[in-house]
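There are 2 protein chains.
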Amino acid sequence: MNIVLLGSGKVATHLGRAFKMAGQTIVQVWSRNIEHANELADTVASEAISDIADINRNADLYIIAVKDSAIRDLALTLGLDDKLIVHTSGSTSIQALEGVSSHIGVFYPLQTFSKNRAVDFRQIPIAIEATNPEDLTAIRAIADRLSEKVTELSSAQRKALHVAAVFACNFTNHLMAISQDLLKAENLDFDLIRPLIAETAEKVQLNDPEAVQTGPAVREENEIILSHLEALKERPDLQELYRLLSQSIVNLHKQSRG
Amino acid sequence: MNIVLLGSGKVATHLGRAFKMAGQTIVQVWSRNIEHANELADTVASEAISDIADINRNADLYIIAVKDSAIRDLALTLGLDDKLIVHTSGSTSIQALEGVSSHIGVFYPLQTFSKNRAVDFRQIPIAIEATNPEDLTAIRAIADRLSEKVTELSSAQRKALHVAAVFACNFTNHLMAISQDLLKAENLDFDLIRPLIAETAEKVQLNDPEAVQTGPAVREENEIILSHLEALKERPDLQELYRLLSQSIVNLHKQSRG
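Keeping their order, the protein sequence lines are chains A and B.
Residues 1 to 258, numbered by this note's numbering, are exactly what the first sequence covers, in order.
Residues 259 to 516, numbered by this note's numbering, are exactly what the second sequence covers, in order.
If you're looking for bench data, these hints aren't it; they were derived computationally from the structure.
Take these hints with a grain of salt, some might be off.
[To be verified] Only some residues are given here: those of chain B computed to face chain A with a beta carbon under 7 Å:
(1) Arg330
(2) Leu334
(3) Ala354
(4) Leu450
(5) Leu454
[To be verified] Quick list of simulated restraints, FRET-style, between CB atoms:
(6) A:Arg32 x B:Asn445: 36 to 42 Å
(7) A:Gln247 x B:Met279: 27 to 33 Å
(8) A:Ala22 x B:Thr395: 27 to 33 Å
(9) B:Asp449 x A:Ser69: 39 to 45 Å
(10) B:Asp318 x A:Lys10: 52 to 58 Å
(11) B:Asn314 x A:Asp208: 57 to 63 Å
[Unchecked claim] Counterexamples of contact, computed for chain B against chain A with all Cβ distances above 12 Å:
(12) Gly281
(13) Thr301
(14) Asp326
(15) Leu332
(16) Asp339
(17) Thr370
(18) Asn390
(19) Ala399
(20) Leu440
(21) Val462
(22) Ser504
Only a predicted model underlies this, so the values are computations on that prediction, with no experimental measurement involved.
Glycine residues also receive a C-beta, built at the ideal position from the N, C-alpha and C atoms.
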């Protein structure tokens, strides 16, 4: 399987490495910035290009892994109207590729990629989509080589998955950053909290998060909540977050109790 | 070491088990509700009482593990003015025990306890505090038997730690519950997100959360943010959270970039 990878960011990098490890050939890496293209091309033993005119027109699959707002324009400049072209975005509909080629699809690996951290791709869910059954079969065959967790999702479902991931991953990471900030202000090390974070993530691997909710809000311990708001008095932004999240916890659990 | 445990909730239960495993003797478990006292007393081979008048007056340590608002009243009814009495609360000052005994302190294990989940107590940070050095030494000796991570913190530091833990643990867990809710609405399984949650927690074990922030907000991808807000249009409460958390991410990272 010969693949052209368009993009050089985190998703492109992790996908490139994963394909390489799965024995596939990345024939080209394109990036607007040739240095970025070179860097990724080096790690996946590929050719680097920065001019779309130089694109290899005989590959089996073209993967567009650029920022969402650039997908359609880039796809239209390819001029590959009978090749299989996929994008890798959670929140962009397959419609962004409409009219680009007669073989289009989506290949969305759901993971929080950091450039310098290896991930076990076999465990990463990949959401796939295509407009015709043959393309879906082809995309599934490719995805199956990388991951044990390949699922067909509609564009609407994929977007819901992305939003859910933003809450469960991006926003939670930010709350941890806030947590570290609060500790720093009292000269406390984030290591004090790290075991707690590990346990929090561990608990929801086998349980529903709602069922293992702990803390002052779910117990409606208003005195503690007020004393925490008081402790945050010099951080009105964090007070607002604290208040809103506590209220959200109370509401969810009231609703569940009926 | 003979210990009387006052309380039968999650903290009392986990502490009781941990002391038992560390070879200490829980001579009594007190709870207002005798059935709760019995349940915990059974698992730690102890006597259950529900009347404070029956309290064993010869123990070495009295641990008050009840809800914050009940600590002081319970402590005052003990009538043990020369015994070592500690509470286990993150957000309650040591002052709550002032005048109760000449030997008072705090013994706060920082963990998210679920009743049915065993935890490795050796890795749980325990924040300790006392008003005089001898009591601090005694409390430290006890804490060292349970955990490798014993730290002396002032009441103000301990409260900051508790607030930080609410952000890093309670609030993050709630965001995971929201995430599951959003998936359910599209008939998607939470298993899709679980590997991502594990990776999110794993990443911050060795990195600062701020340094590994991912997602649309930190990249200031406003089109994606707007499309997510649109996707949440039937959940104004979640829209508000999404907006506020995204703004908070943008602000933090603007600030860091100077």
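- request: Take a quick look at Leu440 of chain B and tell me if its Cβ sits farther than 12 Å from every Cβ on chain A, holds or violated.
  value: Given that some Cβ of chain A is not farther than 12 Å from that of Leu440 of chain B, nearest at about 4 Å, it is violated.
- request: Take a quick look at Val462 of chain B and tell me if its Cβ sits farther than 12 Å from every Cβ on chain A, holds or violated.
  value: violated (5 Å)
message: Holds or violated: the 52 to 58 Å window for the beta-carbon distance between Asp318 of chain B and Lys10 of chain A?
response: Distance hint for Asp318 of chain B, Lys10 of chain A holds at roughly 56 Å.
task: Beyond 12 Å from every chain A Cβ: check whether that's true for Asp326 of chain B.
output: Violated, since 6 Å does not exceed 12 Å.
task: Determine whether the Cβ-Cβ distance between Ala22 of chain A and Thr395 of chain B falls within the hinted range of 27 to 33 Å.
output: violated (59 Å)
- prompt: Do the Cβ positions of Arg32 of chain A and Asn445 of chain B conform to the proposed distance bound of 36 to 42 Å?
  reply: holds (39 Å)
- prompt: Taking the closest pair, is the beta carbon of Asn390 of chain B still more than 12 Å from chain A?
  reply: holds (23 Å)
- prompt: Quick one, is the Leu454 of chain B hint okay against chain A at 7 Å, beta carbons?
  reply: holds (5 Å)
message: Tell me if the interface restraint on Leu450 of chain B is satisfied: Cβ within less than 7 Å of some Cβ in chain A.
response: holds (5 Å)
query: Beyond 12 Å from every Cβ of chain A: is that where the Cβ of Ser504 of chain B lies?
result: violated (8 Å)
task: Confirm or reject the statement that Ala399 of chain B sits farther than 12 Å, beta carbon to beta carbon, from all of chain A.
output: Ala399 of chain B clear of chain A: closest Cβ-Cβ about 21 Å, beyond 12 Å.
task: May I ask you to test the interface hint for Ala354 of chain B with respect to chain A, counting a Cβ-Cβ separation under 7 Å as satisfied?
output: violated (11 Å)
Checked against the numbered hints above, the structure breaks hints 1, 2, 3, 7, 8, 9, 11, 14, 17, 20, 21 and 22 and satisfies the rest.
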